[in-house]
Structure formats: C-alpha cells, structure tokens
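Chemist: What follows is each chain in one-letter form.
Number of protein chains: 2
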Amino acid sequence: MTDAADAADVVARLRAELGDRVDTSESARLEARADKSGHAASGLPLAVVHATSVADVQATLRIATATRTPVVTRGAGTGLAGGANAGEGEIALSMRRMDRIVEVRPDDLLAVVEPGILNADLNAALAEHGVWWAPDPASRAISTVGGNIATGAGGLLCAKYGVVRDAVLGLDLVLADGRLLRLGHRTVKGVTGLDLTSLVIGSEGTLGVVVGATLKLRRLVPGTVCTIAATFADVRSAAEASAAVTASGAQPAIMELMDAASLRAVHALLHLDPPTPGAAQLTIQTDGAAADAEADAIAAVLRATGGTVALTHDPDEGERLLTIRRSMHPAMETLGTTLIEDVSVPRSALPAMFDEIARVEREHGMPIPTVAHAGDGNLHPNFVFDGEVGADGTIEVPDAVWAAADDLFRSALRLGGTLTGEHGVGVLKRRWLADELGDDQWVLQRQITRVFDPLGILNPGKVFAA
Amino acid sequence: MTDAADAADVVARLRAELGDRVDTSESARLEARADKSGHAASGLPLAVVHATSVADVQATLRIATATRTPVVTRGAGTGLAGGANAGEGEIALSMRRMDRIVEVRPDDLLAVVEPGILNADLNAALAEHGVWWAPDPASRAISTVGGNIATGAGGLLCAKYGVVRDAVLGLDLVLADGRLLRLGHRTVKGVTGLDLTSLVIGSEGTLGVVVGATLKLRRLVPGTVCTIAATFADVRSAAEASAAVTASGAQPAIMELMDAASLRAVHALLHLDPPTPGAAQLTIQTDGAAADAEADAIAAVLRATGGTVALTHDPDEGERLLTIRRSMHPAMETLGTTLIEDVSVPRSALPAMFDEIARVEREHGMPIPTVAHAGDGNLHPNFVFDGEVGADGTIEVPDAVWAAADDLFRSALRLGGTLTGEHGVGVLKRRWLADELGDDQWVLQRQITRVFDPLGILNPGKVFAA
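From first to last, the protein sequence lines stand for chains A and B. Per the UniProt record's numbering, residue 1 is the first one in the first sequence, and the count goes up by one each step. Per the UniProt record's numbering, residue 1 is the first one in the second sequence, and the count goes up by one each step.
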C-alpha cells in the first residue's frame, strides 16, 4: 500500500512514460474495482493503465517494481471470483486494448494473438480460415482470451474439446520487474525444460502479465449438429442419466443439466408454460461425422433411464432448445441476488453431489438453483439471497450464505471434487484453497509465485492470501 | 558427492530402513548407470533402491536429505537423453516394482496407477474395460508410465490423441525431504491454484518422485483402421505431401515419414526388394467412424502431390505396412553406432527442416537417416558414425557428431522448432537448453527446481547443469 504522496509520484511516473494511456478518471477506477461476481475491492486503484504494446506493460511493471506498487492485470472484467479487482494503492493494468490477431496459421493449426481480444471476436475471425479455438466459457462474447488464460477457463464443450490448458502452446510473459520471457513452443510436441506455459495458465495474474499467446486451434467440425432435450422426474434422475450417457461411451459436444428451480425460473422469464413441478432437464448436442448416430444412441440411453426425450436434427430448433440453458443467468437475476458457485466432481459423483446440494438447501434454509456442465462434472450452484446491490453495483454476501457455500465446498471435496472447475480462486475462494491443496502444497505454490515476483507486487491478496 | 566413509554410512542407513530392497550388486549398479541412449554416467551409484511403496520412497528421500546424497529416479531405463543415469555417489531409486493399477474408472474415464507399470501392460489391462491411455511412445512395450510422465513422452498418435501432458489429471509427488504432495484433480475441470501436475510432467526427476498418477483415459476407438503407404521421388516431396495432408483438414491417427536412407536400411534388414533410389515414404493410418472416407480423402491429396499410393482396409496388411516403420531402430543398428535426435518443428516447416538435414549431411560429411512423426512435426534424425560400443554397452559420441547435431538443433530453432519433442533434455542436451529458453527463463526454471529441492539432491547435473 502506498501513501498519498507516493501515490502521486507513481501516477506521475506512469504519466511521464505512458501519457494518456494512464487513466485516473473516477469512472475508470470505479469500474476496475469490480467484476461480474458483484464483489469489489476496497478503495479505488491509483490509475488504470490502458496498455497498447508490450513496451507499455514493461514500462508499467518497471515503475511498479521501482515503487513497490501492486499491479492488478485485467481483461474485460467478466471474472466471477474477484481475481482482477483492483483497490486502494494498486495499479489496474488493462490489457483490453491489446487485441490484435498477430498471425493465423491454419496449416499449423495455431494462432498468435494479443491477450485483450474477445474470445468470440477471435473465433469469428478464425472461422474465415476454417479453424476455431475450443475454449468456450459462457462469457465468450464478452471475455478476453487473456482472461480465459488467467483463469484457466472452461465452458460447455470441455468434455469433448478440452479446456484452456489443452489449447495453448506458448505464452509471452512480462515478469514483475519488466523482463519479457517467451514460454512454450510453436510445435505440437516440445519438452525442453519445465512447462511454464501450463503453470501460468490459471495463475490469475500472480506470476506475470501475459502479453501474447500462441494458441492451439482445431478445424471447424464438419457435419450437422443434433440437439436433444430430455426431461426427468427429478434432478437425481437427470444426473444419473447424464452419468449413464458418459458411461455408455457416447461423447456429446454439450451436455447441460438444469434442476427444477432453474428450469422454473427460465420458463417464467421466457414466458413459457411452467415445467412439471420437480422436473429437471438435460440438453445435449452431438456434432461431427457421426452426430446423427450418436444422438440416436444417446436418446436410447436417456429413454432407458426414464427420460422424456425430444430430438431434433434442425439447427434452428436446436438453438431454441439451448436458449433455455443460455437464459439461466438472466433468470437467476429475477430471483434475487446470487452467488454463483463452481464446484466440479468426477462425473459418476454428479447424482451424489445433487443430493448434497439438496441437503445444504434443507439444512441452511436457502434455495440453490443449479445448472451443471454434466458432460464434465462441473456444477454452478446459485446461492440466491435477499441482498442489497450497492450504488456501485457491488454486493455483500451474507455470512449465512458463505456458511452454506462452505458446507457445499466440503461436500465436493469429499466426493473427490474441487472448489473451482473454471472460475478460479480470486478473493472469493482463497480461504478454502489450503483445504484442497493441503498446507504443504499451499506453501510450495506460494514460494513458486515468489520466484516470479520476489516483491509480491503481482495481484497481492488474490488466490493465496489467507 | 559423498566420500567413501559417508557412502558406507548412507548404504547402512538405507539398509536399516529398507532391508533387501537396497541392492548393491555390481550388476544392478552397472545397469543403473545407462539408458537406451548409450550414454552412461561416470562411476557407479552407491546402491539401487527397489521401492515397493510410497513409504519406501519417503524413507529413501529422508535419508538422502539427511546425508545430502543425490537421488536419481529410474523407471525401466529406456530413456534416450541420459536423464535417469545414476553415477558416482548417487542413489538410484528404481520405481519399477511399484507397478500396481490401483483403480480403473471407465465411467469417469480415469485410472490411478503406480509409476512402475509398463505403458503396454497398462493398456492391455485397460482394454478389458473398453478404455486406453493415449500416450504411445515407440518404447511403450518396455517403458514405464512414470518414465513417460518424467519425460513428457509423445509417440506416433499425438497429433490426434495428444501427448502425456494432455493425459494426466493428477500426480502424487514425494518431495526431496520425503513429504508427500497430492497434485491435481480427479475431475475434468479444476483450477484451484497453480497447475503443478503439468509442471512435474517432463521435469525429468528434478522436482520430486512421482509415486502415483491419476490418468485421463479415452474410450477405445470403434470402427476399422485404414492404412496408406505412399512413395515419393524424394524426401522433400514426401514432407510437402504430409504438410498438405495436415493442411487439408484430415486428421490421421498416424502419419510417419521415412527418408531414402532409412527406407533402404529397413528394406535390407527385412530382405525386401531395394526401394527406388532416393524415394521416401509416408505411412498413414486413419481410425474411428469416418476412417474409410478420411483414408480416401488423404489418398487423393497424396496422389495430387505426386505420390504413388497403396491403400488397404485390411488390418493385417496395414500392420505389415507399418512394420517397415517399426523396423527403423533395428535397421539403424546395422549401419553403425547412432545418436538418435529428436527435434520438432511446426508442421509447415517439415520440408524446410529436411532441406536443413540434407545441408548438414553435406557440410559435415555424415549420413543422417531420418524418420519423422510427420503428423506432429517431430523428427528423429539418426547420426550414424563408426563408434566403439564399450564393454559396458555404452558409447562415446565423437565431437564431430555433436558439431553436426549442434548445427541441426540451431536450424530447428530458427524454423520455430524445439530441441526435443519427446525424449527430454537429460544430460545429452543440457548444453543447448539456454539457447532455446533464453538465459532469463533458464535461471527462473532453475530457481523453481530449488523451491521443490532446496539442497539440489534430485537428479543433479541433469537438464539444467551447464
């Protein structure tokens, strides 16, 4: 933390090097405090630096090191764990303007990009070359590739097409002291030294600033997409059916599960007839050369497990069915204030995890509408509460909600799962990190961050702080 | 290094805790000096510890830490870079007897295994469950899963099915001081803290001892396998054809390239008619639901690029065609002593890399028969020389060969490639490591190893030593 005189000096130094890329407007500094979790840092950052080049990032970090000023790197601010929120005495380093596509090589199935490009913008450009970058967080229209890398993002397609760490070949990283490292390879295979590319993926701004990424691409998937919607009497049956689909050997591109409360809220939002009380739904898509046959096989599994199945080969009708899943977040907003959680369990444990969610709802007396990426075992329980959204758009999560979340996290860990499948630790989950890692590993990870950042100026208080 | 009196003390301490799992026979110690590269460490290790449990590994490392004795972890000794060779004053810690399959979960597509199991034995057992572990180094019948993890192994199927780092969910790691850490997840998604699982993969025994692995499995691929053999007038044409196949969007399971010298040697070994002088060959397999259609499309690309194409849908005939590729190493042994290299380049650079190999052959006046995993851009140039194989089975690579290899490595780096695609750095490539990483990254990686191993007792002199 820097006192007032020092703060003025830091801003003056930044301005001397970076001119009008240093933004001290109140609106920019207010925006940099928060993300889509609703959580906000205390106080306002000193300034927002809008980097437009690697040299800008290096200059910012040299000044930060010289003045011992914390730096919080940000993309589009769509995080759900508070990991990129900048507060009192900190520099918010925005990468949003570094959004160029430097190179696309369909022949080598790679692209080199700057981190500030939006995931959806990148994929629109790649489609012209017949390729795509597979990570597809639900936020892809509004989140940056750099943010996806910082959190190790997932999405809907992960069971079939992988997560971010499966889709990055190399990273250019500026260290806390301003030095630039080039990590990884442009090749499919490469085992020279330690795999620092993977280490940086999901490190949430604690190891350095990603200023360039060499991405591993896939060919656009040819053929049709088939969509299945299947309704079950209750959520446990739907979860068992999704586990049966996975166990059958089918590989859907998408397999999403919505529980009764989620379904009810979405139907109300979209002015659809109310669903059967208690009913839960699976929405499944198959793609590729065998999409039709695979959809038929999956439909048979779903019927055998008691589902009422609708199957369409029509893309428009398929998109309409998926709209119900995609309307989850707006529907939650109609119910109250929400804390969106992100546990992940082995796929066979999905039914047991839904039992645990029902138990937590009962014991803590609060509704927890839940959707799951059932194809990969990642659940998003939404803790709904009567909370005030502050004037600055931020929320305060009541202790009773955290107590229920704590109960849920421990259930996920007991079932062989993890605290966070794709949102990251940020500030919201740091107090549970050592529960999952164990104290020895927590300390060792902390020491590794210090190799990259000896002064501890990179995103302090995030991930590892107790 | 430990002097004679200390050495006796270390062995005595090991024996007191581990009894007859401590092997001081000359034969065991001689064997632990070398790997399949032909390189051997100087001197003999103090002892070979045949660990049979996690507790054995922890006991060994506690004694090693207390006595500051270096530990070299070994699997089956099939490495090609000298990375697991144990010498004077060192403990060789063999994991070969820890070879149990602890758990197979086809429903969750994961298995938990001990590191000493052979890759092929694991896959034989997994096949009964309808699943497999995709990494398939050519050594899979004789190499351990732990060794595959330590080197970050690749193989023939990588372009389609991934390398080791795509196929491991979690690792149990014993640190230099004997503490046990559990890294990673049992879930498809998981982003709690730093991805230490990926960091350990390919770290060649410098970070800890892997005592358990949670592996990510795939369903056995249904359907037929189609095999294509295509002959080209010269190696450059074959390389261009392979790049054209990749660029066409086809995804063969296997795409192997053999140059004229390799083909000639294999034909001689197998008593086949000599190939057309100068001719090079691609051997390609397609699999899965669309295998037939994909094989036809690939054959069309190969014919359009000037290849003479044979295509079979018969598995036996396909296996016969692949035998030619599989006979490469025995064929090389008929030519002289070989140094097997392992550069990797972006796939579009394969033709240029073959030009470079031809240049190095000319300028250094030595034959370099080369095979390539053309589907992923990984080449194995074989430097053939008149070398003596010593009484202990080890070889001395002449300086002139290293000079040619140096020239070749620099060409690969210039083409956007890497020193080692799948064999690792070990001792044989450590002097080039900083050329690829840059000095800053080299130092930072070295510092990371010290977080895991503050005393520097884990595989000293490997990977990072100058």
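Simulated from the structure, these hints should not be mistaken for lab results. Just so we're clear, the structure is a prediction, and the values are computed from it rather than from any experiment. Every residue gets a Cβ at the ideal spot worked out from N, C-alpha and C, and that includes glycine. One thing to keep in mind: the hints can contain errors.
Facing chain B, from chain A, some residues (calculated, C-beta under 7 Å) [what the hints assert, rightly or not]: (1) Leu-194; (2) Leu-199; (3) Thr-308.
Calculated cross-link-like contacts (lysine-lysine; reagent style DSS-like; alpha-carbon spacing at most 25 Å) [claimed, not checked]: (4) A:Lys-160 x A:Lys-216; (5) B:Lys-36 x A:Lys-216; (6) A:Lys-36 x B:Lys-160; (7) A:Lys-216 x B:Lys-216; (8) B:Lys-36 x A:Lys-160; (9) B:Lys-216 x B:Lys-160.
Chemist: Output the indices of the hints that this structure fails to meet, ascending.
Modeler: 3, 5, 6, 8
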